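**Student:** Going down the list, the protein sequences come from chains A and B.
Everything in the first sequence is counted per this note's numbering, starting at 544 for the first residue and increasing by one.
Everything in the second sequence is counted per this note's numbering, starting at 1271 for the first residue and increasing by one.
Keep in mind that a hint or two might mislead.
Stated by the list, open to error - Keeping only pairs whose Cα atoms sit at most 25 Å apart, straight-line, the calculated DSS-like set for lysine-lysine is:
hint : chain 1 : residue 1 : chain 2 : residue 2
1    : B       : 1296      : A       : 585
2    : B       : 1369      : A       : 621
3    : A       : 585       : B       : 1340
4    : B       : 1339      : B       : 1381
Think of the hints as simulated: they come from the structure by calculation, not from any bench.
Note that the structure is a prediction, hence the values are computed from the model and not measured.
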Amino acid sequence: EPEVTQTPSHQVTQMGQEVILRCVPISNHLYFYWYRQILGQKVEFLVSFYNNEISEKSEIFDDQFSVERPDGSNFTLKIRSTKLEDSAMYFCASSPEPGQGYEQYFGPGTRLTVT
Amino acid sequence: SQQGEEDPQALSIQEGENATMNCSYKTSINNLQWYRQNSGRGLVHLILIRSNEREKHSGRLRVTLDTSKKSSSLLITASRAADTASYFCATAFNTGGFKTIFGAGTRLFVKA
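Isolated chain A, as found in the complex:
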């Protein structure tokens, strides 16, 4: 069964460094998303991406974040200058179609630790 994959599974970085989190969505999906979950807290929407552009973003997704689909398979989240509070699990998801009634498939997550 096709699945969303994410790499790395765990990333440790120093405050102020740039990180790139990678995701490979399911191949025939059209919508892509990033979420984060700070330890013990709820899952928070960051951004959705469709047709090679950002479709929707939350107030969390400020100028230090960017997303890209550099080729036909990868979907990346870049954090330019990491802060301690960026430590969280980051989940990528994809869905096959926009519109009413779409199911999102989540990857296993990348645990980002900023020291």
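Chain A is fixed; fit chain B onto it per the hints.
**Tutor:** Showing chain B alone in chain A's frame:
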């Protein structure tokens, strides 16, 4: 806030009992989804119910949606120890783009 809110926050039951979790939300939605998350793991999609649907079943799971009350419930029948996890409702709505908002979740503990 447009977030879904679940109750109870935590639920502890014996194996074999039914577990009911509720979710309320504040704005019109396209659909509502329920997810399960085992501790420290990713999210597993359980059921999606569209705004024009009232009830949906999948195995031991039953989801209802009442758009007039802006609420949904997830019923797990004949619970098993393996059902121990956190359960989240997520509401999806179209704001020109697509956004999904998760609630804080219900932590379910099923005692063997």
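**Student:** The structure should be examined with respect to each hint, and the outcome stated for every one.
**Tutor:** Hints versus structure:
For the proposed pair residue 1296 of chain B and residue 585 of chain A, the alpha carbon gap of about 17 Å is at most 25 Å, so the pair holds. Simply put, residue 1369 of chain B and residue 621 of chain A have alpha-carbon atoms about 20 Å apart, close enough for the 25 Å limit, and the pair holds. The hinted pair formed by residue 585 of chain A and residue 1340 of chain B meets the criterion: a straight-line CA distance of about 20 Å does not exceed 25 Å. Distance restraint check for residue 1339 of chain B and residue 1381 of chain B: the Cα-Cα separation of roughly 32 Å exceeds the 25 Å cut-off, and the hinted pair is therefore not satisfied.
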